[in-house]
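Keeping the supplied structure of chain A fixed, place chain B upon it in accordance with the hints.
In order, the protein sequences belong to chains A and B. The first sequence begins at 1 in my numbering and counts up by one. The second sequence begins at 1001 in my numbering and counts up by one.
Possibly wrong hints are sitting among the right ones.
[Said to hold, decoys possible] Calculated cross-link-like contacts (lysine-lysine; reagent style DSS-like; alpha-carbon spacing at most 27 Å):
#1 A:Lys369 to B:Lys1015
#2 B:Lys1056 to A:Lys158
#3 A:Lys51 to A:Lys41
#4 A:Lys312 to A:Lys361
#5 A:Lys89 to A:Lys187
#6 A:Lys369 to B:Lys1019
#7 A:Lys361 to A:Lys298
#8 B:Lys1061 to B:Lys1014
#9 A:Lys22 to A:Lys47
#10 B:Lys1056 to A:Lys298
#11 A:Lys123 to A:Lys158
#12 B:Lys1056 to A:Lys361
#13 A:Lys47 to A:Lys213
#14 A:Lys312 to A:Lys298
#15 B:Lys1056 to A:Lys22
#16 A:Lys205 to A:Lys47
#17 A:Lys43 to A:Lys213
#18 A:Lys22 to A:Lys51
#19 A:Lys259 to A:Lys123
#20 A:Lys312 to B:Lys1014
#21 A:Lys158 to A:Lys89
#22 A:Lys259 to A:Lys158
#23 A:Lys369 to B:Lys1056
#24 A:Lys187 to A:Lys51
#25 A:Lys123 to A:Lys298
#26 A:Lys79 to A:Lys158
#27 A:Lys112 to B:Lys1014
#28 A:Lys205 to A:Lys249
#29 A:Lys369 to B:Lys1014
#30 B:Lys1061 to A:Lys79
#31 A:Lys369 to A:Lys298
#32 A:Lys89 to A:Lys112
#33 B:Lys1019 to A:Lys312
#34 A:Lys41 to A:Lys22
#35 A:Lys213 to A:Lys79
#36 B:Lys1019 to B:Lys1005
Everything labelled a hint here was simulated from the structure, so no lab data went into it. Fair warning: this is a prediction, and the values are worked out from it, not measured in the lab.
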Amino acid sequence: MVIYADNAATTQLDTDAFEAMKPFLLENYANPSGAYSYSKKAKLAIKAARKTIAECINAEPEQIYFTSGGTESDNWAIKGFALSDYDYKAVITSQIEHHAILNSCYDIERLKHPVAYLPVDRKGVVATDTLNRYISDRTGLVSVMTANNEIGTIEPIKELAQIAHSHGALFHTDAVQAVGHIPIDVKVLGIDMLSASAHKFNGPKGIGFLYCKEGVLQPFHNGGSQEFGMRAGTENVPAIVGMAVALRKNIIEMEQNAKHLRRLSEELLSILEASNVPFILNGHPTNRLPGNINLSIKGKSGEGLMHMLDLKGICVSTGSACDSKNQQVSHVIQNIGLPDDYGIGTIRISLGKYNTEQEVKRIADILIKLSSL
Amino acid sequence: MKKVKASPCISCGKKDLSKDEVGINLKLIGEDTENFYCLDCLASVLDVGVQDILDKIEEFKEEGCTLFL
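Just chain A, same shape as in the assembly:
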């Protein structure tokens, strides 16, 4: 039997979300832009989903734009800003962002937009002092992720957004790992743009959204008038409906899920601590995503451990990979300044709401055994 512990990569589709999607795949498959009555159910379903999603992050429905996922949302936020900024203002981001952000930033640098990449501390935190040192009135956009996808550290978004605004800059956050897992209130946090992806919170793949305040961005996809004329293309109605159901359910159950995941994480860590395995828990010790356990084991190969766990039917991911010639440590692990003899031995166990105590014990026991080889 497979033990799935890679929930930061993707999550199991929630059965309620799946049930809600089915009628829009089989019965009400009309194009929501159709002028006939048959399109009405699809049109209304999109409207209801937009309202639900907006409520989940305390936004207005017209500030929610459906996209194909987190990557598209990130690309839109960064490149959309660059395309609509004729003053070539600077973008500031962090060194540990997801590649959807980093590669978008490298792209706009080619268009002559200056970009600064903020260093992080040993826990993966973007310090407010660091942003204060880099920011100026020539900064147009600050983009810092809500929580890191590898090490789970939750960033001080509210404080960073305040600094951005005090210099007249916009604030975007890649909240792909956070939405549906920790409370997000865009008004309280002062967020101008936010990226999210449904399959990270038990929704379907291929759908996500960008929250964006009015007048901030230009259309990214050109074509029809869907998404208030901002993102052309026929809407993926079943996926939009499934995303809304999954997000609402995760928000309702958030506290209970977080408690369950923290208990499982503590259990796993306490078993490892009681063993002789020399390991470091990466990321912030307390202010981290529930269920994220990023470990670096001294003198071991993270990639090797991942493959051996795979042979045992356990799915985790690694912070290092072989590119056929060399072992490469991920940019996140490199940037938190981990000692070399630990960095290569990094694996990420990301537990989800469906994981059990029995599974966690099995993961820990097998990991201890494999670490002794």
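Below, chain B alone, put in the same frame as chain A:
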């Protein structure tokens, strides 16, 4: 890739481990390992089937992993 002279299987003493046996030890246990297992003993210590390990070896070769060259 550094050249590795594999020791005999640490478990059964089998000598002259094949290129694939050396490669899979380096890949799974780590490139600095000094302990090598033959295919049967590696399967036994991991408590998996020999075929599962052979499948992994094929996967790595298809990905172009130089440890198996």
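Results of checking the hints against the structure:
1. Annotation: proposed proximity of Lys369 of chain A to Lys1015 of chain B holds, straight-line Cα distance about 25 Å (limit 27 Å).
2. Under the criterion of a C-alpha separation no larger than 27 Å, the hint pairing Lys1056 of chain B with Lys158 of chain A is inconsistent with the structure, at around 46 Å.
3. For the proposed pair Lys51 of chain A and Lys41 of chain A, the alpha carbon gap of about 15 Å is at most 27 Å, so the pair holds.
4. At roughly 14 Å between alpha-carbon atoms, Lys312 of chain A and Lys361 of chain A fall within 27 Å of each other, so this suggested pair holds.
5. Using a Cα cut-off of 27 Å, the hinted pair Lys89 of chain A and Lys187 of chain A holds, with the two alpha carbons roughly 25 Å apart.
6. About 25 Å separates the Cα atoms of Lys369 of chain A and Lys1019 of chain B, which keeps this hinted pair within 27 Å; it holds.
7. In summary, the hint linking Lys361 of chain A to Lys298 of chain A is supported, as the alpha carbons are separated by about 21 Å, within the 27 Å threshold.
8. In summary, the hint linking Lys1061 of chain B to Lys1014 of chain B is supported, as the alpha carbons are separated by about 24 Å, within the 27 Å threshold.
9. Taken as a hint, the Lys22 of chain A and Lys47 of chain A pair is honoured in the structure, with Cα atoms around 18 Å apart against an allowance of 27 Å.
10. A C-alpha spacing of about 24 Å is found between Lys1056 of chain B and Lys298 of chain A, which places the hinted pair at or below 27 Å, so the restraint holds.
11. Between Lys123 of chain A and Lys158 of chain A, the direct Cα distance comes to roughly 18 Å. Compliance with the 27 Å bound is thereby established for this hinted pair.
12. Taken as a hint, the Lys1056 of chain B and Lys361 of chain A pair is honoured in the structure, with Cα atoms around 25 Å apart against an allowance of 27 Å.
13. Restraint check: the Cα-Cα separation between Lys47 of chain A and Lys213 of chain A comes to about 18 Å, which is no more than 27 Å; the hinted pair holds.
14. Pair hint Lys312 of chain A plus Lys298 of chain A holds up; C-alpha atoms about 21 Å apart against a cutoff of 27 Å.
15. With a CA separation close to 37 Å, the supplied pair Lys1056 of chain B and Lys22 of chain A exceeds the 27 Å bound.
16. For the suggested pair Lys205 of chain A and Lys47 of chain A, the alpha carbons sit about 20 Å apart, so the restraint of at most 27 Å is met.
17. Distance hint between Lys43 of chain A and Lys213 of chain A is fulfilled; the C-alpha atoms sit about 23 Å from each other, no more than 27 Å.
18. Under the criterion of a C-alpha separation no larger than 27 Å, the hint pairing Lys22 of chain A with Lys51 of chain A is consistent with the structure, at around 20 Å.
19. Note on Lys259 of chain A and Lys123 of chain A: the hinted pairing holds, with a Cα-Cα distance of about 22 Å set against a maximum of 27 Å.
20. Pair hint Lys312 of chain A plus Lys1014 of chain B holds up; C-alpha atoms about 25 Å apart against a cutoff of 27 Å.
21. Simply put, Lys158 of chain A and Lys89 of chain A have alpha-carbon atoms about 22 Å apart, close enough for the 27 Å limit, and the pair holds.
22. Taking the CA atoms of Lys259 of chain A and Lys158 of chain A, the gap is near 24 Å; set against the 27 Å cutoff, the hint holds.
23. Of the supplied pair hints, the one linking Lys369 of chain A and Lys1056 of chain B holds, its CA atoms being roughly 20 Å apart against a limit of 27 Å.
24. Using a Cα cut-off of 27 Å, the hinted pair Lys187 of chain A and Lys51 of chain A holds, with the two alpha carbons roughly 16 Å apart.
25. Taking the CA atoms of Lys123 of chain A and Lys298 of chain A, the gap is about 18 Å. The hint holds against a cut of 27 Å.
26. Under the criterion of a C-alpha separation no larger than 27 Å, the hint pairing Lys79 of chain A with Lys158 of chain A is consistent with the structure, at around 23 Å.
27. As the CA atoms of Lys112 of chain A and Lys1014 of chain B are separated by approximately 61 Å, the hinted pair breaks the 27 Å bound.
28. Restraint check: the Cα-Cα separation between Lys205 of chain A and Lys249 of chain A comes to about 17 Å, which is no more than 27 Å; the hinted pair holds.
29. Our distance criterion of 27 Å between C-alpha atoms is met by Lys369 of chain A and Lys1014 of chain B, whose separation comes to about 23 Å.
30. Using a Cα cut-off of 27 Å, the hinted pair Lys1061 of chain B and Lys79 of chain A is violated, with the two alpha carbons roughly 38 Å apart.
31. Proximity of Lys369 of chain A to Lys298 of chain A is assessed by CA-CA distance (about 14 Å); at most 27 Å being required, the pair is judged to hold.
32. Straight-line distance between C-alpha atoms of Lys89 of chain A and Lys112 of chain A comes to about 10 Å, which keeps the hinted pair within the 27 Å bound.
33. Proximity of Lys1019 of chain B to Lys312 of chain A is assessed by CA-CA distance (about 24 Å); at most 27 Å being required, the pair is judged to hold.
34. Taking the CA atoms of Lys41 of chain A and Lys22 of chain A, the gap is about 13 Å. The hint holds against a cut of 27 Å.
35. Among the hinted pairs, Lys213 of chain A with Lys79 of chain A is consistent with the structure: their alpha-carbon atoms are about 16 Å apart, no more than 27 Å.
36. For the given pair, Lys1019 of chain B sits about 10 Å from Lys1005 of chain B by alpha-carbon distance, which is consistent with the 27 Å threshold.
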